[in-house]
Amino acid sequence: MYKVSLLTRDGATIAFDAEPSDTLLDAAERASIYLPSSCREGGCGACRVSRANGEAELMSYSSSALSEDERMAGDILLCRAQPRSDLALRAPFDEAAVGFAPIPERRSSLVAFEPAGSGAVRLQLQYEDDPTFGRAAQFTAGQFVEVTLPDGSAKRSYSLANAPNWDGKLELFIRLQPNGAFSNYLRDHAAIGDTLQVRGPQGQFTADETSAAPRWLVVGGTGLAPALSMLRQMAEFADQRACRLFFGVNKVDELFALDAMDELKSALPQLVVTLCVWKPEKEWREFTGTPAEALALALSAVSERPDIYVCGPPALIAATEETARSAGIPHDRIFSERFTAA
Amino acid sequence: MFCYQCEQTYRSDEGAGCAGPKGMCGKDAATADLQDVLLYVCEGVGQYLHRARLLGATDIEADRFILFASFTTLTNVNFNAAKFVELIQQASQIRDRAKSLYEDAARAAGTAPETLSGPAAFSPATDMAGLLAQASEAAVRKDAAILGEDVVGLRSLILYGLKGVCAYSHHARVLGQERDAIYAAVEHALDILAREERDVATLLDEALALGRANFLAMEALDAANTGTFGAPTPTSVRVTPVKGKAILVSGHDLKDLHAILEATKDKGINVYTHGEMLPAHSYPKFKSYPHLVGNYGGAWQDQQKEFAEFPGAIVMTSNCLIEPQPRYRGRIFTAGPVGWAGIRHIADENFAIVAQAAQALPGFTEDAPEQTITIGFGRDTVLGVADKVIDAVKSGAIRHFFLVGGCDGAAPGRNYYTDFAEEAPKDTVILTIGCGKYRFNKHDFGTIGGLPRLLDMGQCNDAYSALVVATKLAEAFGVGVNELPLSLIVSWFEQKAAAVLLTLLALGVRNVRLGPTLPAFLTPALVDVLVEKFGVQPVGDAKADIEASLARAA
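Each protein sequence line maps, in turn, to chains D and F.
Here the first sequence is numbered in this note's numbering, starting from 1 and rising by one per residue.
Here the second sequence is numbered in this note's numbering, starting from 1001 and rising by one per residue.
Just so you know, these hints were derived from the structure itself, not from any lab.
Be a bit skeptical, because a hint or two may be false.
Unchecked claim - Chain F regions said to be covered by chain D (calculated; three or more residues, Cβ under 8 angstroms):
| no. | stretch |
| --- | --- |
| 1 | 1155-1166 |
| 2 | 1329-1337 |
As the list claims (entries may be wrong) - Under the rule of at most 25 angstroms between Cα atoms (straight-line distance), these lysine to aspartate or glutamate pairs were calculated in the DMTMM-like manner:
| no. | chain 1 | residue 1 | chain 2 | residue 2 |
| --- | --- | --- | --- | --- |
| 3 | F | K1022 | D | D130 |
| 4 | F | K1265 | D | D167 |
| 5 | F | K1243 | D | D332 |
| 6 | F | K1305 | F | D1205 |
| 7 | F | K1022 | D | E304 |
| 8 | F | K1285 | F | E1178 |
| 9 | D | K265 | F | E1086 |
Remember, it's a predicted structure, so these values are computed and weren't measured experimentally.
For each residue, glycine too, the CB sits at the ideal point set by N, CA and C.
Using the sequences provided together with the hints, build the complete structure.
Set out below in structure tokens:
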């Protein structure tokens, strides 16, 4: 048994014990400490922390979640690391991001599903009444849930697109993948009233409410979901901060949720939406290119330095981070959530 | 930022004050700086209103704004930087209005209006970045090198006392009780702050004048509360949960509690008081709501754990809010002067959404074993048994009264108050007022001749009630308040306590024991003045202090 201590960004120390055969994430959870994580299999990088002292062994992981340079600098993934000595770790998140109660697991029923453009499906779930959690859908805009198929055969994580609500409603956008477990379910089996298990909310891709900077959201495909959630929350709070949305897809007919964006524009008069199509297959009058390119153009036209929130495939995140950094936006003002195909 | 307005301010060998990116209360530097700017612009409003009033012209909406704006800057009230940008713009417009009011009144009186400088002439920026760049002009310790530490300390005492006056007056105001004399005193104090008075004796007099104004504010608040909701009576309050959907209401605003009870009537929702809201149970009007079922939790500093465990909606109607944690962020609401970025604020007193939230949340799934405390020993009740009390004192059954008043907090030194209450001899009576009581109010202190040894008189907002009792008892005994067998043990935390302390000093109440530490803005020379002139004593060892109090009385 080794002692692990983790120092959060805001200076709190969280301590737990870990067996050499435990991942650090599992060991923490055994002590009822729920550290930020997402895929739990070394693919997303949500649980990356740096090692100040001590040794850990890493099981297999994706280099997109932890680069060789980062690993050499001492970074590890909590979901992949097993302790080989006592460990002192430094986390890039605040204590508030750490849960000290298990992540809720709740039953929901499928209320509606319909195409969202040519490449995705919009799904509406309704939480069932629960003795522990009630009916409410409580989460922070930008968070995700893990959904299990009715037959238990697959679990996938999806960001919530609606704002937190007391009616227990969840709205998700699912990108259709050839032979994807959820895609197959939606195509062949899904029926209104199906029961799906929902584990969440999870994740720390949430707005920094204390920042005074404009909020710019850069999203690709179904990465729109957390941005919609944040903007809807802002609309509900009549938030007057400056905000922009750069929403990109590959083809014109992949665009979706345009009605939701129109609603947002009337509720948030300051919102500027830039629709980006990378390779328009038909006449297209708005921006042609990626949202990262649209961002570069927009940044070059203003002197203010916004907070950047980027959600989408890894390539979009890398391009956006690069664009933002070269425009002088500090690393800690760029917030990202990576979507991986599954 | 630089802020040292509350007891928990950062202290080190180099001095005291929160000056980092975040204060000990959780307020970030931007919010702290913007609060300074807001108060500075309010000083400008005060400069004009004060002069206008001398010419017979007033603007009650401007006065009301000053109360509200000052209230937002108290410790643990509003942490939302964006809100302060908005309030500063409003303050700036109100100052322009006050300027016209004064200049028109001067011209009507046939005199040339003065051209005012300082805050009156300050032009606040219209955006956050601009305002933050101006914050050094409005800082509490600006000009400290010229004014000297004692002057800065006294100015701070006046500023913080003024905030307390404003907070109490705002509570009274929302229930329809306002006093011209309070508005005049507030405007005058703002003018004093604006003109950078440097004479220590003058500033001390001004601080005491503010203490007298605060007595009026507390009288108005007492009239507001008892006039609207009836006179408090001794009441047994359940302190354990009841099965069912639940709402927790914290802070001092009885009007908001009333609106919440109305919004949840016959909906199967139980309403609980928290912290500062406890006295509500003792008012006849609130007893008519059967769904006001009890009090939940301890004092404010325990809220992060207790709110996380509360299975319903939570409303903060005034101080003391601390950073809402993820486990309850979505189900906590702010109202009135309170705010936190990203937390839903109810500005229109419509609490329907809170009822909706409570119904969607699980509530308590079972009854906890019943446990109660007794509260509600307000002035009417205590004076109603004055004969009994006087007889008990004369016969020696009651040797002494200890009034343990003020806030609670997390500081280790606050164990003093627990020790004090528990060590107080069995022939002494403990009167409580404020959250300090949560340290010992579930303890059984027994009775003296049928009179409970622990008499809870309410919150700090009910200090007027305690002062009336002390004054009337002194009259009955034919002595001054300082000759009564009564010692005041005060725990201060924030600015309302500063206002109450000034009131005590202004009324000539001596020998107040003050802790757990003395305000950081008081210099050693100022502390000497308080000790010599007013007999204020820092708290020491509980047992020794009890003995010293009893010896003084004997």
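How the hints compare with the structure:
1. Counting residues of the stretch 1155-1166 of chain F whose C-beta lies closer than 8 angstroms to any C-beta of chain D gives 0; at least three are required, and the coverage claim is violated.
2. Residue count for the stretch 1329-1337 of chain F with a Cβ under 8 angstroms from a Cβ of chain D: 3. That meets the three needed, and the coverage hint holds.
3. Distance check on the hinted pair: K1022 of chain F and D130 of chain D sit about 39 angstroms apart at the alpha-carbon level, beyond 25 angstroms; violated.
4. A hinted pair counts as satisfied when its Cα atoms are at most 25 angstroms apart, and K1265 of chain F with D167 of chain D qualifies at roughly 21 angstroms.
5. For a cut-off of 25 angstroms, the pair hint linking K1243 of chain F to D332 of chain D is broken: about 45 angstroms separates their Cα positions.
6. Proximity of K1305 of chain F to D1205 of chain F is assessed by CA-CA distance (about 43 angstroms); at most 25 angstroms being required, the pair is judged violated.
7. Restraint check for K1022 of chain F and E304 of chain D: the C-alpha separation of about 24 angstroms stays at or below 25 angstroms, so the hint holds.
8. Proximity of K1285 of chain F to E1178 of chain F is assessed by CA-CA distance (about 22 angstroms); at most 25 angstroms being required, the pair is judged to hold.
9. A threshold of 25 angstroms between alpha carbons decides the hint, and for K265 of chain D with E1086 of chain F the separation of about 22 angstroms falls inside it, so the pair holds.
Hints 1, 3, 5, 6 from the earlier list are contradicted by this structure; the remaining hints agree with it.
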